[in-house]
Amino acid sequence: MNTWLVPLPVVIPLVAAGLTLALGGRSRLQGIISAIAITLVVLASGALMYLAHHDGPQVVNVGEWSAPVGISLIADRLSALMLLISAIVLLCVLLYSLAQGLADGNEGAPVAIYHPTYLVLAAGVANAFLTGDLFNLYVGFEILLGASFVLLTLGGTGERIRAGSIYVVVSLLSSVLFLIAIGLVYAATGTLNMAQLAERLGNIDPGMALVLQVMLLLGFLIKAAVFPLSAWLPDSYPTAPAPVTAVFAGLLTKVGVYAILRTQTLMFPEGRLDDVLLVASIVTMLVGIVGAVAQDDLKRLLSFTLVSHIGYMIFGVALANKAGLAAAIFYVAHHITVQTALFLVSGLIERRGGTTSLENLGSLARLAPALGVLFFIPAMNLAGIPPMSGFLGKVGLLQAGAELGTPLAYVGVAAGLLTSLLTLYAIVKAWNKAFWQEAPEPLPETSIPRSMFGPAAALAAVGLAFAVVGGPLSTYTASAATDLQSRTPYVSAVLTNGDRGDGTSDEAADDPTQDPSETESATDDATDGGDDG
Amino acid sequence: MEMSPALVLVLTAGALIGCGVYLLLERSLSRIVIGLVLVSNGVNVMYLVMSGRAGGPPLVGTTPTEEMSDPLPQAMVLTAIVISLGLSAFVLAMAYRSWQLHGHDEVQDDLEDRRVADRLAKVGTPDRADEGAADLDVEAAEARDETEETPLPSTSTNQPGLGAVETPARGGDAS
Chain F
1 MNTWLVPLPV
11 VIPLVAAGLT
21 LALGGRSRLQ
31 GIISAIAITL
41 VVLASGALMY
51 LAHHDGPQVV
61 NVGEWSAPVG
71 ISLIADRLSA
81 LMLLISAIVL
91 LCVLLYSLAQ
101 GLADGNEGAP
111 VAIYHPTYLV
121 LAAGVANAFL
131 TGDLFNLYVG
141 FEILLGASFV
151 LLTLGGTGER
161 IRAGSIYVVV
171 SLLSSVLFLI
181 AIGLVYAATG
191 TLNMAQLAER
201 LGNIDPGMAL
211 VLQVMLLLGF
221 LIKAAVFPLS
231 AWLPDSYPTA
241 PAPVTAVFAG
251 LLTKVGVYAI
261 LRTQTLMFPE
271 GRLDDVLLVA
281 SIVTMLVGIV
291 GAVAQDDLKR
301 LLSFTLVSHI
311 GYMIFGVALA
321 NKAGLAAAIF
331 YVAHHITVQT
341 ALFLVSGLIE
351 RRGGTTSLEN
361 LGSLARLAPA
371 LGVLFFIPAM
381 NLAGIPPMSG
391 FLGKVGLLQA
401 GAELGTPLAY
411 VGVAAGLLTS
421 LLTLYAIVKA
431 WNKAFWQEAP
441 EPLPETSIPR
451 SMFGPAAALA
461 AVGLAFAVVG
471 GPLSTYTASA
481 ATDLQSRTPY
491 VSAVLTNGDR
501 GDGTSDEAAD
511 DPTQDPSETE
521 SATDDATDGG
531 DDG
Chain S
534 MEMSPALVLV
544 LTAGALIGCG
554 VYLLLERSLS
564 RIVIGLVLVS
574 NGVNVMYLVM
584 SGRAGGPPLV
594 GTTPTEEMSD
604 PLPQAMVLTA
614 IVISLGLSAF
624 VLAMAYRSWQ
634 LHGHDEVQDD
644 LEDRRVADRL
654 AKVGTPDRAD
664 EGAADLDVEA
674 AEARDETEET
684 PLPSTSTNQP
694 GLGAVETPAR
704 GGDAS
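Sequence lines, in order, name chains F and S.
Counted from 1, the first sequence has number 390 at position 390 by the numbering used here; the numbering is strictly sequential.
Counted from 1, the second sequence has number 695 at position 162 by the numbering used here; the numbering is strictly sequential.
Excised from the complex, chain S in its bound form (with noise of 0.2 Å):
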């Protein structure tokens, strides 16, 4: 069998899952997921690449079996894309959740860089020399939590996680 793959496919491949990437890097869940069907897909295409040569339907019977293509790729394709169906749809419901709950379907802070930017926010002082300490200030109140409206007015406590369901603010810094 020759193994020489046809190049249309390995571009395409290689464009899908390039874009899906990028995407994949977004805040957004609703991009994260066009992100993922875009990968999937490019996988799949990669698994086209792989099967080998183009051949006949593998029916016994119907093509002499040199002329045949390989089904298992096709079969395993086939399983990869149900798959990937099912999850898109749920990622797309937990994005849909996400807007319900925030207004918006943006991957939050992970905990712990809430609270180290939190601390450092507190303290006000700049841990790192090569960083100013109103760049800081402002770093922090973004990093934050893009959902509570106000940076940092003195006027309320501060606790996080406790203004996640209010009001739904338009992410302030937009990608």
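This is chain F alone, in the form it adopts within the complex (with noise of 0.2 Å):
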């Protein structure tokens, strides 16, 4: 058994962090630190995923107590993939960032905090995907939420203290929703291991599954920035420093889609909630991508489109069919990838032109061709265009969607098209206004230095990648999605003697014949003390 690898996502970067933390001065070392625990998180989660994929869910019970009194660790195939595309994706931000800091002298910037909150929140991700108990995905999101905090008001700016309080009031907000849930989910069923709570929500009333289902289900929703409750993303995410939007926006939403996802498939397979969900994702699609149009500044664009999109992912969870799950799948790892590397050539562009804003921007087609590249692959895979990853994913969802067959899901079927058209329409925009117009003014004459091109067009590439590789990972999704609909390899790979799992807690709970719940106490006080730091 390789389940000691489980763990290291999370507990790398934590021990980085405090390396990092304790070299604050040294901002070299400190780099090449995070960079070294950075890919070893990638080594790591592409090993889970071979795992997961050959040798079923791999499962760890923290501290040896056995599932349900511990907290397990378990990395299945939806999240042994999000991880590695997510390790993916912090790396090349990582570099990206360094060599940023490398160009600009370290000046202005605390960037002895920077090393330390951005290994911090790649734990708080990883935590994220991992956990297999309610409690601790909470103690996750706020190990990430509160590495974004910092992250988002970098440096302290007005206009960062002005975009960072909504964030922050939001984020505190929906984590309150969410912990009231826990409460109650506890209180309905004596337990939060999410295993077990597959088993047991079946046999609660099904009135108070339905509230408990509302209460996660909202929580999430805000972290993932679904229409009604999306309004603070495309406020906040624009204000950040380049990279710190870019890793947002690549990975924080997903992780509310990530969320969502295992709530409905593993805990709720009733689907009760699908069509609010479904009506819920084409309003987003919509109302994102109409606000994208709307705009004039390459990253308010961005952020936008992020938010319509997010309504794609959203669409394929609702239709719960097996080719939805699997195409929702497929589209968070080509759009993790795709709104980063965006979000990065846009911060690269921003360097160029000294700003961001498409009614001064101009002429650079001419003055950095190789920029003009860069920004038109991804931004031609997020609209869909048909060799590219996001054809394919958009492709899924809308086989996915006529598959189902209902009038709401053709509606969003229809929704799903005009969308992607939407995107283009909005992209092309912004390419012809930053890259073909002439200049207002003339742009400064400046360049950008090589060390940021490389991890911008390295993740372009992994996006193309994705189209390269398409077969393969399509049926690895198909198979997560058939993991996730019948719900018993996860299940069972956590609690492996019925209701009880690996771990030596095992015997020593034979003997009093009591309520398990008594030892968990000491595991989670354990994992509170790691995230205090």
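Everything hinted at is true.
Now the in silico label distances, taken between C-beta atoms and shown as ranges: (1) F:421 to S:655: 29 to 35 Å; (2) S:648 to F:439: 20 to 26 Å; (3) S:543 to F:498: 33 to 39 Å; (4) F:465 to S:543: 52 to 58 Å; (5) F:487 to S:633: 48 to 54 Å.
The hints are simulated quantities; they were obtained by calculation from the structure and are not laboratory data.
All C-beta atoms in this analysis are idealised placements derived from N, C-alpha and C, irrespective of residue type, glycine included.
Each chain sits in its own coordinate frame; assemble them with the hints.
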């Protein structure tokens, strides 16, 4: 068994965060440590993905407390894929920000804080993907939110504080909602282990279960920025530094989508709120993209397309058939890389042109043709031009919608097509204005350091590579979706002995034949220690 | 295990969360912090309600197993307290920074709202029939930015965002 791999994506960044914090003054060393840590996470996630695909879900019971008592970390096909993609994205963004730091001479920015916070963010994201315990999911969310607050308000300029206060308050509110939901779930079922919840939630009163589902989804929908709850996103993201915006856009909302995916498939497979989600996803797609069309600032435009494309993923989840789930997972993987790449490129554009306002930009096609190529590829990928992965993901979703065949699903298909078209329009508008129109005033004479080009190009290439490996990847996502729908691989991997999991606490618990939750407090406290830092 | 919760706890949780939500809806960040603290404390009390009947300390050997209280919610509340402590500290720091920069700690308007208000103010005509033109101008001027002390004089060009760091304007529309 290689289960020692499972906690690594959480542990390595946390340890590295401590190290980099201790080495506050020496930014070069900090950068090296961060890069090594995230590279190790990439390797561990890759290995986990291989293992999860071939040997089934990898489970580790933290501290050897067996499953429903202790916290279990689970890497199944879905979470391993999410881990790998997010680790790759984190690595690219880290290299980009390192290059930016070198180019700028680390002046004016409190870089001493940047690396530890970034690593804590990585740990939080990994924890949210891996955990099999609802309360630990909350802790994971708080870790990544706390880190994201610091990153968003980095430097404490007026505009960032303005954007940050909205983001922080909304995030805290969603956390409180999630916390209340956890309390209610525990009161109703007596457990927070997701595998055990999958068994128990079916037995409680359906009305109560619906309340629990609504409460959980409400918290996650705010985090995922689905339409009525999405207004915070386009306002807060664009003000942060380019690498920070890129990693937020790529990962944070997707953690919300992942949580929705788990809730809907593992805990509440009856799909009683599918229609609500379907409507929400359709409205999200349309409202988001209409917002994007109206923007004249590149970063804000991209933020609105982000909201809009979250709608695609929720659409797949809400269809709740195997094809829909598979396409949603594929789309998440595609969208993480593409959106991040686009934000990185917009950072490069800002560097070259001095602004991201589409009114003031121009002539970039002549001045920086390489930048044009770099923008064009992920932009077309986002819009879903045929050979690319965006197209594959969208086709998968539309097919799944047609397969379901209800009127609402067809409305969703139509909305998806329209959104795709409008995305193309918005992106082409940005492309024309930034690259082809004559700049109203001559742009400043600067050049972009090659080292910043590299990571952005690498991410764009990863986005393209999804199209090349589209076949194997969609086989993988299809089997991930099968796992999600059948639920047994997950549940039986966690609760190996019927109602308990592996772990030495099993024998210890046999003696006092009492409510097993007693021992969990110890493990809970142990994990608490980790997240304070 | 009997499951009728203590009324006092339920009422306390309700009152705390209610007051907290009220404060969360305010514009001043320091009130929002208090609101957040109240809400999270209300939720913590709710966890006590949901943990069921009170009992002895859950230590094997000191309390018979039937009389133990459920320790898991207490562990969770402990975690939640730590987290909300850290995050409230962050919001406080942010409120202080906002006060340093602007002379107040109010959450400012959404950029888009400001733009829309700006545009309306520029055009000067009401879009909607149910509002008078004068009202709209006043509203737009207020909505644009509390930090700009001059509402709409034709002396200087109004550039949102530039005036943000300047003189601390006392909030005219203190709530």
